[in-house]
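K.L.:
These protein sequence lines are chains P, C, G and F, in that order.
Take 1267 as the starting number for the first sequence in this note's numbering and just add one per residue.
Take 124 as the starting number for the second sequence in this note's numbering and just add one per residue.
Take 42 as the starting number for the third sequence in this note's numbering and just add one per residue.
Take 1368 as the starting number for the fourth sequence in this note's numbering and just add one per residue.
I should point out that these hints are in silico values taken from the structure, not numbers from a laboratory.
There could be a bad hint or two in this list.
One side of the interface only, derived from the structure: several residues of chain C facing chain P at Cβ under 8 Å [said to hold, decoys possible]:
id, residue
1, P180
2, G186
3, S189
4, V230
5, E231
6, K234
In this text the structure is predicted, and so the values were computed from the model without any measurement.
Glycine is no exception: its CB is placed at the ideal position from the N, C-alpha and C atoms.
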Amino acid sequence: MINLTIDNKPVQVPEGTTILKAARMAGIDIPTLCYFELDGMNFENKPGGCRVCMVEVKGRRNLAPACATDVMEGMEVLTASPRALNARKTVLELILSDHPNDCLQCEKSGDCELQNLAARMGIRNIPFQGEQSHYEKDTTLSVYRDMDKCVYCRRCETMCNKFQSAGALSGVNRGFPSVVAPAFQQKLGDSSCINCGQCVQVCPVGALTLVDNIQNVLDAIADPTKTVIVQTAPAVRVALGEEFGMEPGQIVTGKMAAGLRRLGFDRVFDTDWSADLTIMEEGTELLGRLKKALAGEEVKLPMFTSCCPAWVAFYEKNFPDLLDYPSTAKSPQGMFGAVAKNYMAPKMGVKREDMVVVSIMPCLAKKSELAREELSVNGNRDVDFSLTTRELAHMLKQCNIDLNQLPEEDFDNPLGQSTGAAVIFGATGGVMEAALRTAYEVHTGKTLPRIDFEETRGFQGIKEAVIDFDGFPLKIAVAYSLANARKLMEEVRNGNPNGYHFIEVMACPGGCIGGAGQPYHHGKSDIIRRRMEAIYREDAGKPIRKSHENPDIVAIYKEYYGEPCGHLSHEQLHTHYFDRSDKLEATK
Amino acid sequence: MANIKLSEDKVNVIKDICKSFGNNSGEVINVLHQVQGKFGYLPAAVQEVIAHELNMPVAKVYGIVSFYSFFTMEPKGEHPIDICLGTACYVRGAEKVLDAFARALNVEVGKCTADGKFSLNTLRCVGACGLAPVAMIGEKVYGRLTPDMVPGILAEYK
Amino acid sequence: MAKYKMHILICGGTGCKSSNSLEIIDNLHNILAEKGLSNDVQVIKTGCFGFCEKGPIVKIMPDNTFYTNVKPEDARRIVEEHIIKGRKVPELLYTNPENKEHVSDSKHMDFYKKQIRIALRNCGFVDPENIEESISRGGYEGLAKCLTEMTPQQVIDVMKASGLRGRGGAGFPTGLKWELCAKNQADQKYVICNADEGDPGAFMDRSILEGDPNSIVEAMAICGYAIGATKGLVYIRAEYPLAIDRLKIAINQAREYGLLGEDILGTGFNFDIELRYGAGAFVCGEETALIHSMEGMRGEPTLKPPFPAVSGYMGKPSNVNNVETFANVPVIITKGAEWFSSIGTEKSKGTKVFALAGQINNVGLIEVPMGITLREIIYEIGGGIKDGRQFKAVQTGGPSGGCLTARHLDTAIDYDSLVAAGSMMGSGGMVVMDETSCMPAIAKFYLEFTCEESCGKCTPCRVGNKRLCELLEKITNGTGTMDDLNALRNLASVIKDSALCGLGQTSPNPVLSTLDNFWDEYVEHVVDKKCRAGVCKKLMSYVIDPEKCIGCGKCAKGCPVDTIVRTDYIAPGHKLASMRIEVSKCIKCGACMGNCKFGAISVK
Amino acid sequence: MTKVKSLADLKAMREKLQSNLDIREKAENPESLVQVKVAMATCGIAAGAKQVMEHMMQKADELGIAAVFTQTGCMGYCHAEPTLEVRVPGKDPIVFGHVDNNRADEILTKYVQQGELVEGIIPVNYETIDK
């Protein structure tokens, strides 16, 4: 243990602790800007670049960055000495001197770390005038870039490269013109970006924001010729409450359904329902491949999950040689859209073109996924708009709806009833666990001795397990962060030496609960943990916890699809993948 | 993502250079040096090929190219003119020499003349401080320059 | 044909010429002719002796007699006494200021000891492309001694005892650095030579690599032996093609001779060297940035700790020294720590190579013992200020250093005294300025350099230096205020206190030191809107004195913006009306002044 | 090339190389043993040292002076490039600066052949660390 004083207060902390963490343990909150850590989730951005957390360490010639300086025995730290305060304020003024002064119109207003810092430090004017950075605005279907606002904290770059290994962003140029950008400062859409949106989730300011579709949805609702139905993803219900001042991990499923109804959606359905459907399709596909393999037939194993659109984009761009490995099952959003427009619309007596399907997602990649060509019929998309958890909260607030004041209501049927297996889709390992619950029972014909697969849960980046499938050892792996997925893909490319059968991949930290469309967690990994706890709490509280036991699922197969992986479901619920990699094409 | 359009010969030159460094991404700076040595500059398509061969994101390659002043994405003029603005040259009037070149060629610093004949750039110290102020045209060093020498020097290349 | 028996050498440097050395030559010629000695004694004008304070200088060969402060009337005595009678003229001999004794032989005069060539010992002596010439001057004996007679710890002990400090700028003790790296156990360690000399106006390292690459090869191998590394890497500027070629030749020859590679000198020690190329980033002189650049990344510095001695190239313990530091190593081994530490000051041992440049007569590469004064360098080596102008400032340490003034001329130069004076040793650029240099403009020049070279990683350097530069722009174009001067000082101090790396932390030094030493000049710029050096274009105007103008019109012909017009005033004694510059359109290029043969145009 | 195998080898080599130089210096006919070292660092080359060296070698040939020309590194006199050092046996070496073709000719015809000094001498103003 190391003894030191921080602001004259004696502190004892383990060796290797930074001044920043030691101070926080002592209840002293040193402000930071570039520093960002997701504890236990393999994400750390500690360039020591912003110089906001500078503190005075007695005996040192220069100020020290608290985020990156380890404590030493006998250290005397002053976090708010006149010298440290002057430096912190000056540094902040410098950042603001190269930042547009448009807080009122900024998407990030109220949730901006720079704005909060300026307020906290009492910045009333900016003494430095001079050149400001100007870049062309850029947008994909998911991410909006206004790099005039970039403070060069490099969080997005770290996220894009270290966490996702997508390699779309890099620090470019040097000195004052430094900025984080795709190659040649081209458009993000022309880069290797997979629209996971994690850059947006970690951006401290309004440089990277989401593409806002609230008005599209409000317009559709206001249009009397349209029937607007909505689906809500599993992870939304455990995070939406945060936007209304609730504790992280509060489950607001019923209030959310009520809120959506108040907003004027004609039907309030649940993506959880189509998650159960996904399990039926994907589980069946897995068993099919396993059976063939056992029969000695040539078949692609391991099978990868395909629910996560960032992951899909990632392997299409990086592993075009392995496009046969992922499950062909559409994501739950995609399946819901297909069911809504092919099955539900006629049932409701609505023409396909007059039905508008809106999804509420914890995700930015879903905004891009819904534009995939295979997910539309004659140019009419199965899902018309995807809103994030944050957008839903904004929309509710705009419409004067306070989630706290709402009663608990149920989803509409038949696309509203779901099982515990569906809700755990929201956390890393959840799809795997849900699939195991169903595949085991379908395969063995026996009831599971235990429903909870602890080996797929938790925040470990790559989890591996062997599941006893009634004598057959099923080798599985679960990964989040696409850098982890890349490792597994490379193993597969090299002949799958570990003999995996089934691998689940989610792009975001902890799965969809840490998605880019969720309320900003600002690096407080505890928030993500509490969302995960809530997910499993919701699962445990469900009367039915296996997808194949969902009566509405059973019913739709009976009534409409016939059987999982049958002809109609192949047409509507499955998709195919494209080689979207960079090509080296020489001209003569 | 962009598809790379570059002649096969050029692609092969780049591939060979990458291969000579074991296609190791840690050698990217050496690769860029050699490729620029061959082509004179590093246009986007060339960087795409290098990224592909070294199995690294092209954004990272561009991040490196845009960081180091030695690397350029702009083609140089037939006779690249570099004016040294190192301290020794600066205090001996290099700026006036630079102005004289810019005026005589009617070209901005960092740009190429319309006919592609000259490009005008500045650099920091060629290490010939004893001859300050110094300019380089191609490989040739001109020392102890004064603005009135500029037209005469340019005449050598016309 | 004449076969001269004696030669009289007379300094023809600017300083001596201005004190009538040419007249001395005429007198000598006349007197020799008078005595009939013209065919026996040759009088010849030479380049500057550097010792302008004591000029004019006359040297008699072959006996090396050295006369100082010679006046034209002394010519007769020199011929009659020295040449004819062989008796030296005592009053003209150089007097040792310490013991007041006359020194006759220039080889024993202490001003010749102003420079001692240790790091440059072989530069200008050996053919750098021939290892045998190095060997004939004792090259590789240091390495041989280490490998055959010393343990690694003993090598480190010698380096520590020598007191050698890093010559790249900050002056960290070299022996200690080696020891830290030696202590860390690893399967692979690296010796890295920093040859990314980026300081504009400095070319010490380049000269050493071009003139004596073998000393660097030898020193790196010695370092490898001391710290337990078998691999050496030289990070060298791609802009130094000649240095690269010669270093490659030296490495190959050393391999051929068994002085590099496997089983060096039959001792079983292996060590080899590879080159890595810099690509034009000043910040890569910072060791963590250099290492990242060698690893194929953007050359951005990272926080220390971890130090390279713990985790350097490829995460392995690495020792980084610059070229000049390494150049000192072999002789320290062969001549011993005691010899080395006898040179220099208490805390700074040995010599320092400087690239002497700017408004000085003898621009060149010099190597002087630590503790020498700026005055000695400028007036006794550098030959004084060009064209007899007034000394104003000397800039040391490049963009990281500061501008020192006449008040600092007698400061003994070492690492600590320069820092105390607001500058720093830096890598060894030394730029002398006279009254034609404007100090706010010089500060701006350096800041523009730093802005261009900043890696951009930390706010104080990326944005702060940009803002400093903009403030200086305001000041030099006449729109600055006293408030700007205060903002300049506060911002500069914050940058110094809070930037991430050494480059950023030292980048405000040119501003702070000029604010300290030339405050009046800043105030003149913002209050009086005047630039006394006539550098800041916005603060000056060209005017034609109508009384001196003869109306030839040459100025108007040469004016690029046609802003010179003829007036209707004809000055008394002139035939044509005088010319006038329309100030509003003038771009202040100065062409007119250069074209006027009558001195009628001046800067106001 | 035989490798140097030990410290003794290295010292023997050094002595042999040095005695070669001595023999040159102590020889009878000084003109045949003139040594010219041309400063060939970037500065010198930029100022034309290479071309001057070539010219001078040719001129020496024409004059029948069997001088040994070598290149060397920076001598430090950047203000006077190109510079070269001429060592006539029995005399102290002399450094000449600002050497162009004309001056190179003069150095050979006047200084080397006749012992007459020519303009451009640079007084050497540093100490070496040789014994």
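K.L.:
Now look at each hint and say whether the structure bears it out.
P.N.:
Here's how the hints hold up against the structure:
1. Checking C:P180 against chain P: minimum C-beta separation of about 3 Å stays under 8 Å; hint holds.
2. Using the Cβ-Cβ criterion of 8 Å, the hint placing C:G186 at the interface with chain P is satisfied: the shortest such distance is roughly 4 Å.
3. Among the interface hints, the one on C:S189 holds; its C-beta lies about 5 Å from the nearest C-beta in chain P, closer than the 8 Å criterion.
4. With its C-beta approaching chain P no nearer than about 22 Å, C:V230 sits outside the 8 Å limit, and its interface hint is violated.
5. For C:E231, the interface hint is violated, since its Cβ never comes within 8 Å of a Cβ in chain P; the closest pair sits about 17 Å apart.
6. Given the 8 Å rule on beta carbons, the hint for C:K234 is violated: about 17 Å separates it from the nearest Cβ of chain P.
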